[in-house]
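My request is simple: use the sequences and hints to build the entire structure.
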Amino acid sequence: MTYTPEVRERLEQDAKEIIGRYPKPRSALLPLLHLVQSEDGYVSDAGQEFCAEMLGLSKAEVVGVSTFYTMYKRRPMGDYHVGVCINTLCAVMGGDQIWDELSEHAGVGHDETTPDGKVSLERLECNAACDFAPVMMVNWEFFDNQTPASAKQLVDDLRDGKEISPTRGPKKLCTFKEASRVLSGLPDGLAADGPSASGPSLEGLKIAKANGWKAPEAP
Amino acid sequence: MTTLTPVLTANWDQPNSFTLEGYGDYSAARKALGMDPDAVIQAVKDSGLRGRGGAGFPTGMKWGFIPQGDGKPHYLVVNADESEPGTCKDIPLMMANPHSLVEGIIITSYAIRANHAFIYVRGEVLHVIRRLQAAVAEAYDKGLLGKDLFGSGFDLELVVHSGAGAYICGEETALLDSLEGYRGQPRLKPPFPAVAGLYASPTVVNNVESVASVPSIISNGAEWFAGMGTEKSKGFGIFSLSGHVTRPGQYEAPLGITLRELLDMAGGIREGHQIKFWTPGGSSTPIFTDEHLDVPLDFESVGAKGSMLGTRALQIFDETTCVVRAVLRWTEFYAHESCGKCTPCREGTYWLKQVLKRLEKGQGTEEDLTTITDIADNILGRSFCALGDGATSPIHSSVKYFRDEYLKHFEIGGCPFDHAPSTVWGTK
Ligand SMILES: Cc1cc2nc3c(=O)[nH]c(=O)nc-3n(C[C@H](O)[C@H](O)[C@H](O)COP(=O)(O)O)c2cc1C
Ligand code: SF4
Ligand code: FES
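Chains as they are written, first to last, in the working numbering: chain A, 761 to 979; chain B, 1335 to 1762.
Please note: incorrect hints may appear among the correct ones.
Derived lysine-lysine pairs resembling DSS-like cross-links, with alpha carbons at most 25 Å apart [what the hints assert, rightly or not]:
{"#": "1", "chain 1": "B", "residue 1": "Lys1365", "chain 2": "B", "residue 2": "Lys1481"}
{"#": "2", "chain 1": "A", "residue 1": "Lys922", "chain 2": "A", "residue 2": "Lys912"}
{"#": "3", "chain 1": "A", "residue 1": "Lys776", "chain 2": "B", "residue 2": "Lys1481"}
{"#": "4", "chain 1": "A", "residue 1": "Lys922", "chain 2": "A", "residue 2": "Lys932"}
{"#": "5", "chain 1": "A", "residue 1": "Lys937", "chain 2": "A", "residue 2": "Lys922"}
{"#": "6", "chain 1": "B", "residue 1": "Lys1406", "chain 2": "A", "residue 2": "Lys819"}
{"#": "7", "chain 1": "B", "residue 1": "Lys1734", "chain 2": "B", "residue 2": "Lys1695"}
{"#": "8", "chain 1": "B", "residue 1": "Lys1523", "chain 2": "B", "residue 2": "Lys1406"}
{"#": "9", "chain 1": "B", "residue 1": "Lys1566", "chain 2": "A", "residue 2": "Lys974"}
{"#": "10", "chain 1": "B", "residue 1": "Lys1365", "chain 2": "B", "residue 2": "Lys1476"}
{"#": "11", "chain 1": "A", "residue 1": "Lys974", "chain 2": "B", "residue 2": "Lys1365"}
{"#": "12", "chain 1": "B", "residue 1": "Lys1687", "chain 2": "B", "residue 2": "Lys1742"}
{"#": "13", "chain 1": "B", "residue 1": "Lys1523", "chain 2": "B", "residue 2": "Lys1379"}
{"#": "14", "chain 1": "A", "residue 1": "Lys819", "chain 2": "A", "residue 2": "Lys776"}
{"#": "15", "chain 1": "B", "residue 1": "Lys1523", "chain 2": "A", "residue 2": "Lys784"}
{"#": "16", "chain 1": "B", "residue 1": "Lys1481", "chain 2": "A", "residue 2": "Lys784"}
{"#": "17", "chain 1": "B", "residue 1": "Lys1566", "chain 2": "B", "residue 2": "Lys1379"}
{"#": "18", "chain 1": "B", "residue 1": "Lys1523", "chain 2": "B", "residue 2": "Lys1675"}
{"#": "19", "chain 1": "A", "residue 1": "Lys784", "chain 2": "B", "residue 2": "Lys1406"}
Partner residues aside, some chain A positions facing chain B, computed with beta carbon under 7 Å [as the list claims (entries may be wrong)]:
{"#": "20", "residue": "Ser787"}
{"#": "21", "residue": "Leu789"}
{"#": "22", "residue": "Val825"}
{"#": "23", "residue": "Gly854"}
{"#": "24", "residue": "Ala889"}
{"#": "25", "residue": "Gly964"}
{"#": "26", "residue": "Leu965"}
{"#": "27", "residue": "Ala968"}
{"#": "28", "residue": "Ala978"}
Think of the hints as simulated: they come from the structure by calculation, not from any bench. Where is the CB? At the ideal position from N, CA and C, for every residue including glycine.
Right, here's the structure in full:
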């Protein structure tokens, strides 16, 4: 499989913009892999060839890099890539039970996709949101404080095409491909959506305010 | 009594805190760019700020290592990879207050004479990346990034760069390899990044919170910062409480606050339960128990008690939690994330995982306890980077404090715990 001339031209334009930001072109390799993932839903053969050509690398060099990183998928993932944090803290707080029930409910395992192509599942390591445990991510948006029931409902809703909002993120969840495009460094204009911070992120500040605690005044 | 000192978290409850309007006018950057760069470095040295990414290296001293007048380009790389289990401070900071980081980057770059800076952010946090991209775009738009900042003649380009899922890329030299477009594997040190970092040029790698703390130091003065904290651990830091606490969350306080004080604020351990073990600074720091509630959380005091302050990632587990299960899961993490470059870590974490699995199922023997501590001894100090050392922390500390619990597993031929009561919905 290779890209059609139209697709290729569009990708080339994006790639050139990205490469231009770096003092050395090869630094753009991770972003370009995100970019081809935004086209194909995974890091395809054609995508890796494209990256190699744009950066003057061999395909083997590109494959050597893409296989090192867990976010680059070697098979098409679902439109909605659902992660459950199973690192220690989330696991103990209920992440293990969420994973077991969700995986059985959806009928797929780690890095597998439902037959309708809508949902794929992944066991995630700590996603830097432990104060919101148990944590899930969909297309790398936060779904905080989950339960087995909320997790199953979420996946059902995604498969039914319902509109879903992350707990801390944009009003409308984007697709895996759309998310990959943002990761490549091409913004989607949704930064202003969602709260500045919420829940546990504000606990300390709330207590400080209630008690009138502040950092010392500047001299 | 120690009280909270919100600085970096102070505006997080404002709906527009992530915009320039909600943040402020970059007056610290304006002030810094009117100073001699060396005076900026001196101010940060005087403040006593130590790296907030885990190791606590003095920030001003690190900047001072950058050779001057060497004719090479210099780089600032912000480490926003935040993937150490338990660590969850930089992500909400960048989501709610990205401009504090951008302003800190301007000041830091000016001080080390870098005209190109990068934020290497873990890829798995889409909305945080959007907020960084938007803050950087806004700063460019207002002339706060780009050419001739504040008419000082200083130019700065800033790129937000997303990683792609690899804990090891938080290690500073692996991060640099990754940013150069390679597999993220650590480099041999020396040379240190200050001499040969990104593209073999002098480079400062600093944690998000370290850099974001700099504007407050420039605005309020080194003495103001040094007036908080303890003798050798100055200033404030974000303490992240997670797990079996009533109100988990982010608590910004002077270094040297104790877990007992923090727990008082956080409503204590969840109702009806007692603390069993906790990490002071993420899974790579040896666990503590209820004996350590009054240890001042600063670099020296935590070190003196056999652990490390790390990233102030306080993961708290109550008496319903099986320590063997917790240690097994952390070990699986290290085995999964080991980059494979050196034998002690690659093979050692694999074997630790195998033996711990057996122990957890109650199929081990007392000898297995010697085996896991021996394997850990062979990793510690013999690995190429600190990931390997970190993997041994849960092993050594859990065997030290909870030997009996390991023994119990093979006495009864299984795990003595029902895991359900540990969950959020498990007990009321
Ligand atoms: C395996 C491993 C992972 C690390 N992850 C991070 C990280 O995510 N963020 C970070 O700032 N430092 C991390 N570090 C520490 C960095 O190597 C480095 O010390 C730090 O970024 C320096 O910044 P500071 O001096 O401002 O603390 C990690 C170290 C190791 C060994
Ligand atoms: S200690 Fe582990 S992570 Fe570090 S270089 Fe060796 S194998 Fe890689
Ligand atoms: S352990 Fe799940 S987010 Fe940290």
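For each hint, the structure was consulted:
1. B:Lys1365 <-> B:Lys1481: 17 Å, holds
2. A:Lys922 <-> A:Lys912: Measuring from Cα to Cα gives roughly 14 Å; hence the hint holds.
3. A:Lys776 <-> B:Lys1481: Answer holds: A:Lys776 to B:Lys1481 is near 22 Å, not above 25 Å.
4. A:Lys922 <-> A:Lys932: 10 Å, holds
5. A:Lys937 <-> A:Lys922: 18 Å, holds
6. B:Lys1406 <-> A:Lys819: 32 Å, violated
7. B:Lys1734 <-> B:Lys1695: OK: B:Lys1734 and B:Lys1695 at ~20 Å, within 25 Å.
8. B:Lys1523 <-> B:Lys1406: At roughly 20 Å apart (the allowed maximum being 25 Å), B:Lys1406 and B:Lys1523 satisfy the hint.
9. B:Lys1566 <-> A:Lys974: 22 Å, holds
10. B:Lys1365 <-> B:Lys1476: 17 Å, holds
11. A:Lys974 <-> B:Lys1365: 24 Å, holds
12. B:Lys1687 <-> B:Lys1742: At roughly 19 Å apart (the allowed maximum being 25 Å), B:Lys1742 and B:Lys1687 satisfy the hint.
13. B:Lys1523 <-> B:Lys1379: 24 Å, holds
14. A:Lys819 <-> A:Lys776: Holds. A:Lys819 to A:Lys776 sits at ~19 Å (cutoff 25 Å).
15. B:Lys1523 <-> A:Lys784: Distance of about 23 Å is within 25 Å: holds.
16. B:Lys1481 <-> A:Lys784: 20 Å, holds
17. B:Lys1566 <-> B:Lys1379: At roughly 12 Å apart (the allowed maximum being 25 Å), B:Lys1379 and B:Lys1566 satisfy the hint.
18. B:Lys1523 <-> B:Lys1675: Holds. B:Lys1523 to B:Lys1675 sits at ~14 Å (cutoff 25 Å).
19. A:Lys784 <-> B:Lys1406: 15 Å, holds
20. Ser787: Check passed: Cβ of A:Ser787 comes within 5 Å of chain B, closer than 7 Å.
21. Leu789: Nearest chain B Cβ about 4 Å off; hint holds.
22. Val825: 6 Å, holds
23. Gly854: OK, holds: A:Gly854 within 7 Å of chain B, min 4 Å.
24. Ala889: Given a least distance of 6 Å, the restraint on A:Ala889 holds.
25. Gly964: Where the cut-off is 7 Å and the nearest Cβ of chain B is about 4 Å from A:Gly964, the hint holds.
26. Leu965: With a minimum Cβ separation of about 5 Å from chain B (threshold 7 Å), the hint on A:Leu965 holds.
27. Ala968: Hint on A:Ala968: holds, closest Cβ of chain B at ~4 Å, below 7 Å.
28. Ala978: Holds: closest Cβ of chain B sits about 4 Å from A:Ala978, inside 7 Å.
Going through the hint list in order, the structure does not satisfy hint 6, though it satisfies all others.
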